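J.: Residue-level listing of the chains:
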Amino acid sequence: MLINLLASHAAPQLHAAIEGGLGAITLYHYLFVAMVMFALGVIGFLARRNLIIMFLSTELMFQGAGLALIAFSRYHFNHTGEVFVIFVLTVAAAEAALALALVVLLFRQRESLDAQEWSSLQG
Amino acid sequence: MMLWALILIPLLTAALIASGPRGAARGTAMLGSLISLFIAGLAAFQFDWGNSGAMQLGGSVPFLPSFGVEFSLGVDAVALALILLTALLQPLMVLGSFSAITSDEKTYYAWLMALMAPMVGVFAARDLLFFYVCFELTLVPMFILISLFGSTNRKKAAIKFFLYTFTGSILALAGLVYVAWKASAQTGAWSWDIATLQMVAQSMSLKEQSWVMLAMLAGFAVKIPLFPVHTWLPLAHTEAPTAGSVVLAGVLLKLGTYAVYRFVLPFVPAAVAEYAEAIALLSIVGIVYAGLICWVQRDVKKLVAYSSVSHLGFCVLGMVAINLIGAQGSLLYMINHGLSTGALFFCIGMMYERYHTRSMDELGGLAKKMPIWAFFMGFFTMASVGLPGLNGFVSEFMCLLGTFQSGAEGVGGVRGPLGFWFAAIAGTGMIVAAIYLLYMVGKVVFGPLKEPAGHGHHDDAHGHAHLPQDLTGREIGVLVPLAIGCVVLGVYPTPVLKAFEAPIQHTLAAYDGVNFEDFDGEDDDHGLALVALPAQGEAR
Amino acid sequence: MMSLLAAMSAGPDVPPMIAKLSIIVPEIVMFVGTCVVLMLGLSKTSTIRRASVGAAGLALIIAGIAAATGPQGVADSLLPHVMPYAKVLIAAVGFILLLLLTGTVDREVEAEADAGKPFDVLRANRAEFYAFFMFSLTGLMLCASADDLIWLFLALELTSLPTYVMVSISTARSRSQEAGVKYFFLGAFSAAMLLMGFTFIYGATGYTQLFGYHSIASVIGAQGSLGPIATLGFVMAIVGLCFKIAAVPMHFYTPDVYQGAAAGVSAMLAFVPKTAGFLGLMLLTSAVGWGLGGGYGLPSELRLLLWVVAALTMTFGNVLALMQRSVKRILAYSSIAHSGYMLVGIIAGPGAWGAGAPGNGLGAVLFYLMSYGVMNVGAFAVVASLEKQSGGEAEDVDDLRGLCKTHPLLGWIMVISSVTMLGLPFAIGFLGKFYLFTAGLRAGEVALIVVMGLNSAIAAFYYLRLAGAPLLEHRDEHEASLVVTAFNSRKLAGLISAVGVLALLPFADRLATLSDHAASYGASSEAAQASASQAEHVDARSVTDH
Amino acid sequence: MTLLDAIPTLSTLASGGAEHFAYHVAEAGPKWMALVPGLPLLGAVICLAMLLFKRDMGGRSRVPAYLVTALLGISFVVTLIGFLQWNHGQPWVVHAFEWINVAWGSGAGQSLQANASFYMDGLSWLWMLFVTGLGAAICLYASEYMANDKGYARFFSAFALFVVSMSCLVMGDNLVMLYLGWEGVGLCSYLLIGYFYTKPSAVAAAKKAFIVNRIGDLGLALGLYLTFTTFGTVQYDELFAMVSAGVDGSGHSLAGTWQATWIPLLLMIGAFGKSAQFPLYVWLPDAMEGPTPVSALIHAATMVTAGVYLIARMYPLFLMDEALTALHVVAYVGTFTAFLAATIGMAQFDIKRIMAYSTLSQLGYMFAGLGVLTTNGAAYHVFTHAFFKATLFLACGAVMHGFAGQLDLRKLSGLWNMKGWRIVSVAMLVGCLNLSGIPVITAGFWSKDMIIAEAFTTPNQVIAGSSLIGWVLLITAGMTAYYTFRVFFRVFVGPVEFEPGDEAHGHGDDDDHGHGGDDHGHAGHDAHGHGDGHFHPHAPGWAINFVLAALAIGSTVAILPNFMGDHGWVGGLLHDSTAFYQSGFGHHEAPAGEHALANSKMEVVPVAAHSAPAHGAPSHDSAPDAHAAGEVHANSFLGMNAHAVMYYVSTLFGLAGLAFAAYLHGPVGAWSFGIGNRTKAAVSRADGWKRAIGPIGRWAEHKWYVDEFYDLILRTPLRVIAHIFHAFDKLIIDGALVDGAGLLPRLLGRTLRPMQSGVLHGYATGMAAGIGIIVLIVLVMTLS
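Chains as they are written, first to last, in the working numbering: chain H, 1 to 123; chain V, 1 to 540; chain C, 1 to 546; chain Y, 1 to 784.
Hints in this document: simulated from the structure, not taken from any laboratory.
This structure is a prediction, so every number in the text was calculated from the model and none was measured.
Please note: incorrect hints may appear among the correct ones.
Stated by the list, open to error - Across the chosen pairs, the derived CB separations fall in these ranges:
hint	chain 1	residue 1	chain 2	residue 2	range
1	V	S359	Y	H538	40 to 46 Å
2	C	D396	H	A97	33 to 39 Å
3	Y	Y710	V	K450	26 to 32 Å
4	Y	I732	H	L113	37 to 43 Å
5	Y	T679	V	P448	56 to 62 Å
Claimed, not checked - Below, in silico cross-link-like pairs of lysine-lysine (DSS-like), each with a Cα-Cα straight-line distance of 25 Å or less:
hint	chain 1	residue 1	chain 2	residue 2
6	Y	K730	V	K450
7	C	K405	V	K156
8	V	K368	Y	K54
9	Y	K730	V	K302
10	V	K450	Y	K54
11	C	K44	V	K155
12	Y	K54	V	K369
13	Y	K150	V	K155
14	V	K106	C	K405
15	V	K302	V	K369
A virtual CB, placed ideally from N, CA and C, is assigned to each residue, including glycine.
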């Protein structure tokens, strides 16, 4: 819904972009997809209890951001966004490695990947 | 120099006590406090009383120059008088604790001595931040004294004491910093010099002044304590060790009234003029309300504690009368209350050491067993009641007269916010004071002898205090200086009054342009015409 | 100094790339040190393995010296002088933290090795542990050097990622792993938020460069307002950074993670990510500038956001700390609260150029970070140094009772540390708060200052508990006494912290001046300077406006 | 001084009509006058020191008594010398040292000066002479009376301090000094009433005295404040200079101002408290718990007349008010008190209490005298009353001392005929005669007459209802004679019969009391009558007898001053004081010797009704027109000249009362003029009468339940309020507000704590929700 809000009321240059036409697929479409990916990531993170799925959801969020970066990069006619995406991918990879290691460690302890299992620290 | 010494010597003594052997603790404390007293006397000797309104004996050390903060000291007659009171009480507190404190003496005396430094600092500060810092730092030793050496409920009392006053004073800091910021916006540089800030503060609009006053009062009224923010005091008094109660009543409460005198009155004259009636009302309610509460207490110490609330109501009342007589009375009240109520706490402590109770249900007619104690108890009660010839009278009389005069369109060109009814209703406090204090004396000192059950063999019951029936020479030695003070200030207060005249005139000069009739509340958001201040005397 | 700055950045003979490199010399030193530590830790010889700590310490010292003597500013940054201050601070606090971290991992492995068994490289992770620590600090220093969103993002991640590992491996208990998993997953979630925010900022402005001729700052300055996309970007970025500084609503992980991790690691978490977050916040807000929002501060949306976040953060932290029994949880919540206080400085902003210390909110933040970094270590050091006889950390408040009698050194460290954090006058913590006070009032944030004051009072309650338990209470006779760990360096860390808070007092003015200088804003940009001074003229809003 | 210069000295008398106080510039008196309070102060301090340093030999040393007696004697001599040196007509001001002195400017009224200075005019001399003289005498009496009491030194210390305070009260040259003495005598009264401090009733009585007095003191204090704000000074000479000129401190006319009404009213409240006038009289009867010398000196002769002194001293201020509001109240209240106390006195059995009520009643006379504009009568009555009431009390005290604290007139009889009691009995008789106002031979007769006659003389237009006052006073005079001789007939004459009292009643330290200690054990059951008991009353020794004799003579000699000079000696003194006021309605306060002469001059003197207060002020010319009557006629007693006939009328009332007493209580024989029939101590005809009047007698015996009424409407509600406040403080202010505020963070913490559930998803949801809310708000802000 955020996206819709954005799309209908957003900054003038977005409107310009839409009306001026980048062909059939405009910045708006890219952004829409990116936002959907990000939102799905958020929803997945909140809704799923499996640690691996949750991690994948965050990856989805990262990739959503990446997609938006590339779209903006294209829109601004510079490569900064693309460079950024490359770094983001690196970070995501590092995080993935970390996540997998952690998941293995945890699985060894509890034989379960349910996030709810880990709630002894509270208050 | 001497002011620095008065701050540093207690600290040094505390350090020596902490590092020295246990047996030497009280001796060291006694020595240190006597040296402090001597230096205070010397300071009084050096002070130019003819120029008592000027800040003297000053000196400063830069601390945070980039913030404009200096450790800057200096006293006028008012501050010096309160420092003298502090220095006088200090050796007496040490002396009075000899038999009461029998364990962990090093900690006790070290903190007791450490307490003196910030108290002197508050009175001697000429820098706002230094004042505030000292104001806060008094909390720590007191907190420790109460929580380590208090009676059964000490933890709660100490925490309440600390948090209550701490909360208030943070708000006061906000108010003070606001003024400092205003000053910095005007002058382009941050300064915490009280005299400078005073001038800026006076030029603030009424609305600003009111907020600043509220913030300051949030801190200071708690300390005084003014109704309805007084409830920490009875608890703290009841739980504190004797010397703690003495210093609490004697000096710590005066920090609040002194701060009102030093900051609220000259900083925000328009707001004070606007809200003086409200403050006076609170004071009066406190006088009568706390007085009546005293009357139904069962614990002697709590009674005297509530009486402090009542008494300091007079003090604040005299101050917001905004005239010389009221302010004179109020300032004198600070000293007098320190002497007489401090002494009452000593007396109660001495009784407690012998009977291990303070309940009026268990005690009675002690005059028969302890005539000398009874004499002193009666004496200080009378000083507290405000009997003419003793110190309490002069101050109470002048506070009420100032209040009365404040609204009277009488001769002498005195204007002010209060008036007849304030004095009349506050005056009932005189009656109430007589009621509750005589009630206490009648119960505890007079009447048929009543001692707590099992008291007869107190030497084996309570191993430590082998005290004779009546007061020892040491205990008399504690009380006599206070009694002398009470008599001298009651019979011959003139030198003190004369010395206070000039500083009060400085303070009240802030009100020269205030038109008390105009402040009806709705019309004015105007700043006061900046009143030309009399030049504060330079430090020498 | 300015000439040096000019020489480093724009000298004709120095290629731009090299000039850029010269400002990250400390990071390079750290990186080299990290590599050395990694390798040393794998040695079969126990002495050499032990030397890894020394190597780390050495690297920190050299990095600190390099930062202190290196270039003092970057020409095209709006915060040109923040680097040396931040890096020296990071190196110094890092050094104390290093002392505190000794012996955190590999105790069994080392014990076995000492007992004569062959050293099992695969099981050992001391080298990794210190290396991660060093990486994290490197990341932190890079945050200070950042002038680009990409750089900032990578530096923040470099700061965070190692800490996830450190938390997980800090003890063998499952609590540490639980802490690790919570920390990591929520961290990843927030990193995505941060990234999304950066994306929007980039999308709105077309630049990732924060300052300079073609940069986010210049675009915003030219537009004179943020615009919705950029606003959204900044909001999301700030919220993402809130995770690093443990601010509401991203604070949830803090107590659990602090409690689950070893005390030394918790101490590190209280300083390292927080500093990273605040450096990031300072950079982002600097890019926006304090001249946009109705003329007197941040744009109203951001100001409101930070205002609410600050107020909630300090309140949440303090009221929840009241409910705790665990010292570590108390310190965790207090860490949240301290973040709330520091946000006041961010809101206040730097004030007029050259106006001096008391009004510089960013300077206040830097000063507070410094004082917090020093005083906070002490409390954690006490917890790290004590163990119950049954094993496990002595983290309950009641375990501290009578500590001044039984273990005077640790007891007094706890007392001094708590009292300093309480903000009792003259302790360095008071000066930090006072600095924030003056800065906040200078910016007219009276209400926030009052909230902060009341929160300090609430905080006094639990700090009094922390200080009172060792000093004023007595340990029950029948209770088993505590054991002090063999790692004297932890006590040393505590001692340094306790002595530090006192020893820094005489230098408080110098430090405040340094903080102010380090946070001096807008040196290079005429426009930003103008807007900042314009802001100063109008930010003197009276209390009546609220 | 600037103040004085500013005020033109105006002629003090209007052309016709009343004379009143003429302002005289004071001259500096000799410094040694400070010895008058100084010497007793020395005595008090020495006694105290002996007490504190345990040099009083466990209370057995007689040094304090003789020391204080001697010092008081010297003090008296000093007063006398001073008096003889004093130049009549010009007051002395003796400056001792600065006490309170602050100034906020040099203009008029811009300073508060209350120095330790003394102002000696006729009024002060009068009071000081009998205060020091009686003080010394009673001190001598007490030296025997209080012997063997443990607190000997304590007693004399307080006693001496009392004289000091009284001196300050009387001699002080400003209202603050007066206030100092005022409260000082209150303290001494407190200490001495509570002398037997182990006795709860004594402690309670002392407390009551102090607190009731404090109520009055508040009035005095407020009056003082108002005086200060009105006149800008509290010093007598400056004050009276202004009052005599009819202006306030800033030179405005006082006429018709609210201050002119309220200053006297407030001061009057103070006087009511100290002089135990209705409604503040309740403390005085209870004050009899103190040792008898105390009752004699403080609660009969001196301290309780301080109220009279205050009003007399401030008489010019009382006359400021054109309507004389305050003097009306004074007159009514005094009369009512006189009557009320007499009714109660008739029904009491404790002879000391009866004396206490008679004191109240006589104080009522004095106030009535002040109210009906005869300061001379009031002051003269104070003077004579001081002697004869002291005599009465000391005689009662001797009885009490001898009979182990017995004071019940039903248990004593025939003292006249007991060995060693003759002097006491004679003294008692002299006192009773004086109190009853038996004509010609008693001073009490002359002084009381002056008041009653003036009440009838003073026009109703000036003091409304003054004739009624006169009638009530007359009736009261008859009642006085009755209850006075009731005591005498029952206790001193008739069959010899006695029953010892409870020793503790008189002497709290029963274990320390030497006399009768061995008898004490039996006293309770077998001491009926003189023959069979082991109880031997001990007759008074030389000191008591000497003092009694001296006072009895003194009471009689006090007739003489009445015949000295134009208006009597007292009148002469008053003439030279601020209390001087002589109405134009007839100069018949004059002593009897001149009475016939004056009588012939009695005529209607035209006086403007308003003129009494403000003659000096020339601006009042228009005022007479306001009164249609224009002229006021002196009143008369049933058409006769009151001053002429009053001697006979009051004699009639007095003798009637005496005869009634003789009839009801007199024993068989000459002592009751043949009309009495009492044969035993306990039984008299009055018992039958008492039954006849039903509950009224019982009500009177219970003092009309006034104490209970006060308890009900004042003390109890106040106590309830105090408890409510206490609970409020504990529960609401401390509990709900303070602790509540302290609890608020905890409550918030408890509320927020569930959010820290430890569950990853909970945290994530919290974070997401937080972000969502923030983003939403920001978006709305941005887009709107």
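J.: Verify the CB-CB distance for S359/V and H538/Y against the hinted window 40 to 46 Å.
T.: 43 Å, holds
J.: Kindly confirm whether 33 to 39 Å is satisfied by the beta carbon distance between D396/C and A97/H.
T.: Given range 33 to 39 Å: holds, Cβ gap about 37 Å.
J.: Does the alpha-carbon distance linking K450/V and K54/Y stay inside the 25 Å limit?
T.: Answer holds: K450/V to K54/Y is near 24 Å, not above 25 Å.
J.: Next pair to validate is K368/V with K54/Y; report whether the Cα-Cα distance is within 25 Å.
T.: Holds, because 14 Å separates the two Cα atoms, which is no more than 25 Å.
J.: When you check the alpha-carbon spacing of K44/C and K155/V, does it fall within 25 Å?
T.: 56 Å, violated
J.: Checking one constraint from the list: CA of K106/V to CA of K405/C, max 25 Å. Satisfied?
T.: Measuring from Cα to Cα gives roughly 13 Å; hence the hint holds.
J.: Just tell me: holds or violated, for the beta carbon distance of T679/Y and P448/V against 56 to 62 Å?
T.: 41 Å, violated
J.: Straight-line Cα separation of K730/Y and K450/V no greater than 25 Å?
T.: Judged against 25 Å, a Cα distance of about 29 Å means the pair is violated.
J.: Would you mind confirming whether the straight-line C-alpha gap from K730/Y to K302/V stays at or under 25 Å?
T.: 13 Å, holds
J.: Mind checking the hinted window 37 to 43 Å against the Cβ distance between I732/Y and L113/H?
T.: The hinted range 37 to 43 Å is violated for I732/Y and L113/H, with Cβ atoms some 56 Å apart.
J.: Against the 25 Å threshold, does the CA-CA distance of K405/C and K156/V hold or violate the hint?
T.: 22 Å, holds
J.: Keeping to a limit of 25 Å between CA atoms, is the pair of K54/Y and K369/V held or broken?
T.: At roughly 14 Å apart (the allowed maximum being 25 Å), K369/V and K54/Y satisfy the hint.
The structure shown violates the earlier hints numbered 4, 5, 6, 11, 13.
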